[in-house]
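Visitor: Read off the chains here:
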Amino acid sequence: MNFFTAQQKAKSSTTYLVIIFLIGLFLFAMSVSLLSMEIHHYLYYNTFSFDTFDIDVFLSLFITVIFIVFLASFFQFFTLKGGGKVVALSLQGKLITRLSQEKSYQILLNVVEEMAIASGISPPSVYLLPDSSINAFAAGFTYDDAVIGITKGAVDELNREELQGIIAHEFSHIFNGDMRLNLHLSGMVFGIVFIGAIGRYIVEALHESRIGSYASYSSNNKKGGNPIIALYLLGLGLMILGWIGTFIGEWIKAMISRQREYLADASAVQYTRYPQGIANALKKIGANTYGSSIGASAGGIYGHLFFADGITNFWDHFFSTHPRLEDRIRRIDPSWDGIFIQKETKVQTEPISSAATQSTSNNSTVPSALTSPLVIDTLSRIAQQPGNQNLKYARIRLDALPESLHTMSANTLSAQWIVLALLLNAEKIPLLKQQKYLENNAMMMYKNIQNTYKKMFDLPRSAHLDLLNLSLPSLKMMSEQQYRVFRQIVIDMIEMDQMISIWEWSLHAIILTPLDREFGFSKPPKERYTKIEEIQDSLSILFSLLIHTQFSNEQRINQLIENLKISLNLAVLIYCPDISLVALNKALHEIRQSSTPLRILVLEQSIHLLGSDGTLFDDDLEIIHAMGTLLNLPFSSYESRL
Amino acid sequence: MEKYIVAILFFGILFYIVSIFNRLVYTKNRYINSFSQIGVQLKRRYDLIPSLVEVAKQYMEHEKSTLERVIAARNGASKHLSEANSNPSDPTIIRQISEAENNLRRAISQFSMVMEDYPLIKADTTMQNLQEELSTTENKIAFARQFYNDSVMEYNIYRQSFPQTLLASLFGHANDAAMIEFDDAKEIQNPPKMVF
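Chains A and B are the protein sequences, given in the same order. Under the working numbering, the residues of the first sequence are numbered 1 to 642, in order. Under the working numbering, the residues of the second sequence are numbered 1 to 196, in order.
Be careful, since some hints might not be right.
[Said to hold, decoys possible] Ranges of calculated distance between the beta carbons of each label pair, as one might list FRET restraints:
| no. | chain 1 | residue 1 | chain 2 | residue 2 | range |
| --- | --- | --- | --- | --- | --- |
| 1 | B | T165 | A | V57 | 26 to 32 Å |
| 2 | B | F21 | A | L59 | 31 to 37 Å |
| 3 | A | D337 | B | F21 | 58 to 64 Å |
[What the hints assert, rightly or not] Here are the simulated PhoX-like cross-link-like pairs (lysine-lysine), alpha carbons at most 25 Å apart as the crow flies:
| no. | chain 1 | residue 1 | chain 2 | residue 2 |
| --- | --- | --- | --- | --- |
| 4 | A | K565 | A | K586 |
| 5 | A | K433 | A | K455 |
| 6 | A | K436 | A | K454 |
| 7 | A | K447 | A | K433 |
| 8 | B | K43 | A | K447 |
| 9 | B | K43 | A | K94 |
| 10 | B | K3 | B | K57 |
| 11 | A | K447 | A | K436 |
| 12 | B | K122 | A | K152 |
| 13 | B | K43 | B | K79 |
| 14 | A | K455 | A | K526 |
| 15 | B | K79 | A | K94 |
| 16 | A | K526 | A | K586 |
| 17 | A | K531 | A | K586 |
| 18 | A | K103 | B | K64 |
| 19 | A | K447 | B | K64 |
| 20 | B | K43 | B | K57 |
| 21 | A | K103 | A | K152 |
| 22 | B | K64 | B | K122 |
| 23 | A | K103 | B | K43 |
| 24 | A | K103 | A | K392 |
[As the list claims (entries may be wrong)] Covered stretches of chain B (in silico footprint by chain A; criterion: 3 or more residues with CB under 8 Å from a CB of chain A, positions within the stretch not fixed):
| no. | segment |
| --- | --- |
| 25 | 3–13 |
| 26 | 47–54 |
| 27 | 90–103 |
| 28 | 147–154 |
| 29 | 158–164 |
No lab work stands behind these hints, which were simulated from the structure alone. Positions of the beta carbon are idealized from the N, C-alpha and C atoms, including for glycine.
Construct the entire structure; sequences and hints are all you get.
Guide: So, in structure tokens, the structure goes:
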């Protein structure tokens, strides 16, 4: 499964759709204007005329309609853009954390964590929707602000494999760029829906008030038509036009949505290599009395984000944002006998970690392939593991983490201790200065950070990265003021030792980049730069850092720079020995704003650079992983491209 | 020309009003959600206390009344917690939980004072582990409480500002949310530890 291609396809569909929409909007605005014009005519002359065509009136109306639709669309767009969290909260979702006692929630979180580690991203926050139906959704703009919602019914009735199937399906939506696509679609259709809503409002208001009964009285202006009737006709007309426009808009939207759903189902199968999981989940939905209907009224607006149809629709077949259950099941499981699975009492079994994986000690369970030095070729071979292997490997990695640390990552405060201890660890020998600083500024935490540091001492780098990823969702659970304090401590700690190691820097960037976005300190990057020359200064800085931490021989350095110049096709690439944290972050910020092919090129060259001394060590691999995260190319989406 | 301006103004204001409504809902749900962070830690604390009392009983057979007071305070607080979990937006319930917590803290500090008279208890490893856990939990409660109060403040400030305040009651947000006040507000840097 190549997510990169899937995303590009999603983007081009969006452009295509925008064009279709604009055409549709043009036609819509024309009809509304014609309607209004006729009403206007009626108001003044008490007749409908189809010969006179007052171009001025028509034009002004036309432009007004376009304005309104755009305004409404932007409004909807901005509302949804608040990130997945906004959607979850508006549906009465409650955040689930590892600390809850419920066994079934633990299993759910384990499933989400595995899937996230396997994909190379940090686990999205999981929200529980208080609904007895079986459904799930993924919302958000990018991996960083993605959020997964799941109904209580789903958690109660599905077993582990089925949950895994549903979650894999949602992850596929995230990686296929469906959320972004849907965001644009929603915005567009909303504008048209809005106008229809105005019409409906007018009609209802007239019905409710008794103004209708006054309609029989003639208006002041004997020559013109009755204003009440005019208003009524306008409302009716808008309603009908709005209805037609929405009809077509929703129809197009639904057709596209259905295709994306099939795609997500297929991706999920590839992810888990276990089609029965998803098939069974779908079969259970079929049997569930509530099916997949979501109670909260907002479910309608967000219908397209869900796993199965959120609303029981009269227009089921036509407008449904999801393909028919039966069709979906058959695509996955052709031998299905047509019978849905009734509710059964679920037996909760979660493999006891250490027993299942036979770990020898809590440190050395990382598969040997990655702990011994590798030649670069081997890396590409590993990267081609099929999805299921990734999941199994993720499970192993998760089980290898000491239980206490894993639990610590689930609480906001202790997650901070983990991050700060990792920063202490970055230099292998904690600097006295850092310790002093922590003592003075984070007094409540200093002892805890020390204890955490001791626990982490022998862990492999891969565990460090996993801990970071696992801590991220908890770190989002603080107030802005609290984040400011934490952020300053992190930055101070790194700048303190005057030298920035690449690991330190990656760590800080991995933690702060999504958090900055979460708390509104920065915005999601746009793809601005498509030519490599535009970012050559930033590249100089980035590669200088990579080189600096690996090599010190001047000749070697110059040679590497020359090689890079050739591979990147750049005329200018300068080696900068002294780089400040500020400059580095600026460089990364710029590189993140380049197009995907460009970022992939940068990652490839970084890997090459790190391996140019003949072998890739454990440390190097983790730095590569970190770079993947920093460049918004979570490792598995990169892997699939190789 | 004026027609355009009127139309744009009209719809602009309309959307602005809708966004106010949405933001009220959002900030409210946010603070409700942040309550669960405290709730979880408080529950942990309440679960640790009975073990604490069990260990203490072995050494302090004659201090029954102090121990009983701790258990009673703990039970009271635990009950209020389950109420609060199901309805975190009710200010009276929040105030109740603050009170119950303060009650518990007083009982525990009395308990620690009494413990001073029994030096043997310090050597007990179970007691030491419990103390460590309780101390960590205290830190987490303090942090989560700060988060909750910050979220509540965000909601209250937004609700009270102009022009939202004119519409707030109309939209069903008639009251401020209550912050959680613990007695030790001043000594928040030194959460009540078992003083040995």
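Visitor: Run every hint past the structure and note whether it holds.
Guide: Hints and how they fare:
1. The beta-carbon spacing between B:T165 and A:V57, approximately 41 Å, falls outside the hinted interval of 26 to 32 Å.
2. At about 34 Å, the CB distance of B:F21 to A:L59 agrees with the hint of 31 to 37 Å.
3. As the Cβ distance of A:D337 to B:F21 is approximately 49 Å, the hint placing it in 58 to 64 Å is violated.
4. A C-alpha spacing of about 21 Å is found between A:K565 and A:K586, which places the hinted pair at or below 25 Å, so the restraint holds.
5. In summary, the hint linking A:K433 to A:K455 is supported, as the alpha carbons are separated by about 21 Å, within the 25 Å threshold.
6. With a C-alpha separation of about 17 Å, the suggested pairing of A:K436 with A:K454 holds against the 25 Å cut-off.
7. Of the supplied pair hints, the one linking A:K447 and A:K433 holds, its CA atoms being roughly 16 Å apart against a limit of 25 Å.
8. With a C-alpha separation of about 24 Å, the suggested pair B:K43 and A:K447 falls inside the 25 Å cut-off, and the hint holds.
9. Restraint check for B:K43 and A:K94: satisfied, since their Cα atoms lie roughly 18 Å apart, inside the 25 Å limit.
10. Pair hint B:K3 plus B:K57 does not hold up; C-alpha atoms about 82 Å apart against a cutoff of 25 Å.
11. Between A:K447 and A:K436 the CA atoms are separated by roughly 12 Å; this keeps the pair inside 25 Å, and the hint holds.
12. As the CA atoms of B:K122 and A:K152 are separated by approximately 46 Å, the hinted pair breaks the 25 Å bound.
13. For the given pair, B:K43 sits about 10 Å from B:K79 by alpha-carbon distance, which is consistent with the 25 Å threshold.
14. Note on A:K455 and A:K526: the hinted pairing is violated, with a Cα-Cα distance of about 40 Å set against a maximum of 25 Å.
15. For a cut-off of 25 Å, the pair hint linking B:K79 to A:K94 stands: about 21 Å separates their Cα positions.
16. Under the criterion of a C-alpha separation no larger than 25 Å, the hint pairing A:K526 with A:K586 is consistent with the structure, at around 15 Å.
17. Between A:K531 and A:K586, the direct Cα distance comes to roughly 18 Å. Compliance with the 25 Å bound is thereby established for this hinted pair.
18. Distance hint between A:K103 and B:K64 is unfulfilled; the C-alpha atoms sit about 36 Å from each other, more than 25 Å.
19. Straight-line distance between C-alpha atoms of A:K447 and B:K64 comes to about 34 Å, which puts the hinted pair past the 25 Å bound.
20. A C-alpha spacing of about 22 Å is found between B:K43 and B:K57, which places the hinted pair at or below 25 Å, so the restraint holds.
21. Distance restraint check for A:K103 and A:K152: the Cα-Cα separation of roughly 13 Å lies within the 25 Å cut-off, and the hinted pair is therefore satisfied.
22. Restraint check for B:K64 and B:K122: the C-alpha separation of about 19 Å stays at or below 25 Å, so the hint holds.
23. The suggested pairing of A:K103 with B:K43 holds, with an alpha-carbon distance near 16 Å, which does not exceed 25 Å.
24. Note on A:K103 and A:K392: the hinted pairing holds, with a Cα-Cα distance of about 21 Å set against a maximum of 25 Å.
25. Counting residues of the segment 3–13 of chain B whose CB lies closer than 8 Å to any CB of chain A gives 6, which reaches the minimum of 3, so the coverage claim holds.
26. Three residues within the 8 Å Cβ limit are the bar, and the segment 47–54 of chain B against chain A gives 0, so the coverage statement is violated.
27. For the segment 90–103 of chain B, the assignment as covered by chain A is violated, since 0 residues bring a beta-carbon within under 8 Å of that chain's beta-carbons and 3 are needed.
28. Residues of the segment 147–154 of chain B with a Cβ under 8 Å from some Cβ of chain A number 4, which satisfies the need for three, so the listed coverage holds.
29. Against chain A, the segment 158–164 of chain B contributes 0 residues with a C-beta closer than 8 Å to a partner C-beta. That does not satisfy the three-residue criterion, and the hint is violated.
When each numbered hint is compared with the structure, violations occur for hints 1, 3, 10, 12, 14, 18, 19, 26, 27 and 29.
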